[in-house]
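Take a look at the letters that make up each chain.
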Amino acid sequence: MSGALTWVRQDMRRVIAALVGIVLAVLMLPPLWILLQDSVTTTNAIGDVTGFTAGHFAKLFTDKDALRSIWNSLVFAGGSTVLSLVAGGVLAWLVERTNAPFKILAYLATIVSLGTPYILHVIAWLFLLGKVGPLNDIYRSVTGGTDSLFNVNSMAGMILIEGFLWSPLVFLLLGSTFRAANADMEEAARMSGATVLQTLRRVSLPLAMPAILALALFVFIRAIGGFEVPALVGMPGRIYVLTTDVYEATIVVPPDLGYAAAFSVVMVLIVAVLLYFYSRLSKNAEKYHSVTGKGFRPRPFDLGKGRWIAGAMIVANFCVVLLLPMITLLWMALLPFLRSFSLAALPMLSLKNFRTVFTAPGYVELATNSLLVAAAAATFIMAITALAGWIAARRGPGGWLLDQLATLSLVFPGICLGVAVMEVYLRVPLPIYGSLWIIAIAYVIRFMPYGMRYVYSGVLQLHHELEEAAGVAGASSLTTLRRIVAPLLSPAIVAGWLFIFLVANKELAIAVLLASPGSQVIAVSIFDQWVNGQGGELAAFGLIWTVLMTAIACLFFVQGRRGGTDVFGN
Amino acid sequence: MDFCVSRGVPVKALVALLLLLAGSVRAATFDPALIEAATKEGSAVWYTSLIVDQIVRPMATAFEARFPAIKVRYARASNTDNTVKLLNEGRARRVQADVIDVTSGIHSLVEAGLLAAYRPRVAEHYPPVLKDPAGYWTGTNLYFEAVAYNTNLVKEPPRSFADLLDSKWKGKMAWTSELAVQGPPGFIYNVLTTMGEEKGMAYLRGLAAQLPAGIAASPRAVLDQVISGEHALGLMMFNHHAAISIGKGAPIKMANIEPLVGVFSIVAIMKDAPHPNAARLLTEFILSDEGQKVMADNDYLPADPDVPARIPELRPDAGHFQANYIAPDISRDGLAKWTAIYHEVFR
Numbered sequence: 001m002s003g004a005l006t007w008v009r010q011d012m013r014r015v016i017a018a019l020v021g022i023v024l025a026v027l028m029l030p031p032l033w034i035l036l037q038d039s040v041t042t043t044n045a046i047g048d049v050t051g052f053t054a055g056h057f058a059k060l061f062t063d064k065d066a067l068r069s070i071w072n073s074l075v076f077a078g079g080s081t082v083l084s085l086v087a088g089g090v091l092a093w094l095v096e097r098t099n100a101p102f103k104i105l106a107y108l109a110t111i112v113s114l115g116t117p118y119i120l121h122v123i124a125w126l127f128l129l130g131k132v133g134p135l136n137d138i139y140r141s142v143t144g145g146t147d148s149l150f151n152v153n154s155m156a157g158m159i160l161i162e163g164f165l166w167s168p169l170v171f172l173l174l175g176s177t178f179r180a181a182n183a184d185m186e187e188a189a190r191m192s193g194a195t196v197l198q199t200l201r202r203v204s205l206p207l208a209m210p211a212i213l214a215l216a217l218f219v220f221i222r223a224i225g226g227f228e229v230p231a232l233v234g235m236p237g238r239i240y241v242l243t244t245d246v247y248e249a250t251i252v253v254p255p256d257l258g259y260a261a262a263f264s265v266v267m268v269l270i271v272a273v274l275l276y277f278y279s280r281l282s283k284n285a286e287k288y289h290s291v292t293g294k295g296f297r298p299r300p301f302d303l304g305k306g307r308w309i310a311g312a313m314i315v316a317n318f319c320v321v322l323l324l325p326m327i328t329l330l331w332m333a334l335l336p337f338l339r340s341f342s343l344a345a346l347p348m349l350s351l352k353n354f355r356t357v358f359t360a361p362g363y364v365e366l367a368t369n370s371l372l373v374a375a376a377a378a379t380f381i382m383a384i385t386a387l388a389g390w391i392a393a394r395r396g397p398g399g400w401l402l403d404q405l406a407t408l409s410l411v412f413p414g415i416c417l418g419v420a421v422m423e424v425y426l427r428v429p430l431p432i433y434g435s436l437w438i439i440a441i442a443y444v445i446r447f448m449p450y451g452m453r454y455v456y457s458g459v460l461q462l463h464h465e466l467e468e469a470a471g472v473a474g475a476s477s478l479t480t481l482r483r484i485v486a487p488l489l490s491p492a493i494v495a496g497w498l499f500i501f502l503v504a505n506k507e508l509a510i511a512v513l514l515a516s517p518g519s520q521v522i523a524v525s526i527f528d529q530w531v532n533g534q535g536g537e538l539a540a541f542g543l544i545w546t547v548l549m550t551a552i553a554c555l556f557f558v559q560g561r562r563g564g565t566d567v568f569g570n
Numbered sequence: 001m002d003f004c005v006s007r008g009v010p011v012k013a014l015v016a017l018l019l020l021l022a023g024s025v026r027a028a029t030f031d032p033a034l035i036e037a038a039t040k041e042g043s044a045v046w047y048t049s050l051i052v053d054q055i056v057r058p059m060a061t062a063f064e065a066r067f068p069a070i071k072v073r074y075a076r077a078s079n080t081d082n083t084v085k086l087l088n089e090g091r092a093r094r095v096q097a098d099v100i101d102v103t104s105g106i107h108s109l110v111e112a113g114l115l116a117a118y119r120p121r122v123a124e125h126y127p128p129v130l131k132d133p134a135g136y137w138t139g140t141n142l143y144f145e146a147v148a149y150n151t152n153l154v155k156e157p158p159r160s161f162a163d164l165l166d167s168k169w170k171g172k173m174a175w176t177s178e179l180a181v182q183g184p185p186g187f188i189y190n191v192l193t194t195m196g197e198e199k200g201m202a203y204l205r206g207l208a209a210q211l212p213a214g215i216a217a218s219p220r221a222v223l224d225q226v227i228s229g230e231h232a233l234g235l236m237m238f239n240h241h242a243a244i245s246i247g248k249g250a251p252i253k254m255a256n257i258e259p260l261v262g263v264f265s266i267v268a269i270m271k272d273a274p275h276p277n278a279a280r281l282l283t284e285f286i287l288s289d290e291g292q293k294v295m296a297d298n299d300y301l302p303a304d305p306d307v308p309a310r311i312p313e314l315r316p317d318a319g320h321f322q323a324n325y326i327a328p329d330i331s332r333d334g335l336a337k338w339t340a341i342y343h344e345v346f347r
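Line by line, the protein sequences are chains A and B. Following this note's numbering, the numbering of the first sequence begins with 1 at its first residue and continues without gaps. Following this note's numbering, the numbering of the second sequence begins with 1 at its first residue and continues without gaps.
Hints should not be assumed to be uniformly reliable.
On the chain B side, residues computed to face chain A include the following (Cβ under 10 Å) [unchecked claim]: (1) D53; (2) Y74; (3) Q96; (4) A213; (5) Q225.
Hint data in this document are derived by calculation from the structure and do not stem from the laboratory. Don't be surprised by glycine CBs; every beta carbon is placed ideally from N, CA and C.
Just need the whole structure built from these sequences, with the hints factored in.
Written out as structure tokens, the structure is:
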């Protein structure tokens, strides 16, 4: 009897792992199967499989421009990863570990930029850096010439915009790492006479290295699979990357899904390899654990006079990430059509676009649907990944497999995932297709990797001596999970939930494909306006939506502080 | 009625009179048996690629006002997305849509055997180019594309295709990179048919050397970049988009280099439509003079030759321009070729 009880106790983790594995497999594998099938088959007019072919892969590897596109992809992804890590990382360190002023601006910039539809950021940036944007305008008025200082449709422009799109995420994730770092080691370094920079280089950075590498990997993969920036910024300048090649295959009617699927399969393989090396790398993760049973809250560095330089950097980031794009959007929203910043345009400013948005019918239903689906998806994802991430980071039974399963969808191009989900659930004899559920399921699949990253890096920080202590004291795996791990992880879980909630409301490709008359969401409407070139209305609507999303984000921030749970830190 | 002579009013009055006449001559009569059967079905599901705010919702509202017992439920997506959705639904035998509209790609649905042949009575007088000989589709509204230019940047606009090769336009032109008939492939078709294969290809190579920027967005978004001054010329710009923006004071004009490219949206009925009668009634309504007036009132160009556009000059008849129509059967046979030429010459 007691033997059985011990078995259950010891193997509870195995049971949990198995259950989580089954849920993940049911969700993630069928779309992958469809993807694999699409990549090696030919179809007839209605889409029935008619035979096998290696042609899609052959095309991917022999296309005359493929090599150039691959090279461009690597430069683009590498460059934007480095930029976002430097920008977001420096900011996170300044905010979490020093006494720099204006910290609230960093949170504000992050919260708001997470709530802003992605495409709006890109449009605002394109305008800011474009030929008629203020930057080149000022340059021309200074030099008196007609040339531009900066061509935004270049690799540099792409990296700049993509890098700053990802820096808020880096800030959030590295922020929690720096916040949770063990202050003892830094304290010891400083007592031994190390300067702030030396401490940073020799202690703080090495300690955060697993989290930084994990993030770098994550951003790199996302940037390789990123589409908006290469399409809107790169293509006009004839800079093609893998995703824009695939995009061209998916916009013909009917789309060449086989080629797009072959591309996805290659990407899934690359990511699997990267994850494998990453997991080997983190085998020695023990030495990085810094949330132990001992002191928890670190004390901030005193930067002395340097704190004003740090403050200036925070303000600069605030301007670049939030203020300038928002002013641009406001400018666009107030004008009947887009033109450059000038006094001459002032008489044209009006609130007409805002009025149109508020009086257009149907927005309440759209907003309700969107919030509902995003909240459902975020809740489900965090429930699953809290378990999966814990098991994976602790290298529990099947941990590597769970990580792989949860991360699978990271590299699906939007339309491929949308089509795969559609095909799977059209075959399921439940009334899922054509309802809001199918969008929720697609979001769960799409954003599972985000939840996984949040929890994974959160768990890496926890020293397992805490869990061992619980075990020694007689707690079962479940009790340990519930009483020790979950509370310590809750900042990561809440932050992950919020992040998924916000990005799910921005997702375009999937929602457009899966929405039916009864299940329209906001993203579809945004897409409509973009297609129709109602830039002013889009900007107005985007700003209103951003305010709403920011309000929700702030709500959690306040709630988190009151309840003693950290959302964004502090 | 006030006929006082001031600019614009006589035209408006004339239009109003014409509408009145048209209405009295053929106030759309719909088959009572069809109305009854459709009413029993209660709703029609419309997969559309038209813009919801601008035309889908007004059209649905007008239909529901005429037939209060029948609800129109619509979902919007691009041509590509709609085609993918319909093919998948068809293969799974779970067709949700009754009525669909697209501007390109209808042939893949015809070939998949998903459409029902139906010849709407109200479209009997439509020009043959707007109707499928086999009865699978009918044109609902027209689009015409030419060159738009920014009046602040361009004092002497191009007047011919040859003018576009002037070195002063190098790096100053933009068009959409969407490879549909309303994008570069349509331009390529237009050049090849008006100049002939050999001259046409030489011309296209010359144009490619001018480095037109391919914008990964709709022609409408490209026009906005011409308005903002990002580009001086926009190729393959819709003339009704330009007219709407000019009405708001945007610094652009159309240069009608002839022939203009003519494309049109088409409506079709699904063979396995869950509400087949409502599908027919909605199709009849969209193509009737009532539905076509909804098009005109919302700045779309009616396909019905008897219903005038709000700005009549946007159509070839009143605008006195030549149009080279790219009907669905032309694009079915040629789109792949034009796309290949785009890849070869312009990338």
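Outcome of the hint check:
1. Against a cut-off of 10 Å between C-beta atoms, the interface hint on D53/B holds, since the closest Cβ of chain A lies about 6 Å away.
2. This hint holds: Y74/B has a C-beta 6 Å from the nearest C-beta of chain A, less than the 10 Å allowed.
3. This hint holds: Q96/B has a C-beta 6 Å from the nearest C-beta of chain A, less than the 10 Å allowed.
4. Restraint check, A213/B versus chain A: the minimum CB separation of about 4 Å is within 10 Å; hint holds.
5. Evaluation of the Q225/B hint against chain A yields a held restraint, the C-beta minimum of about 8 Å falling below 10 Å.
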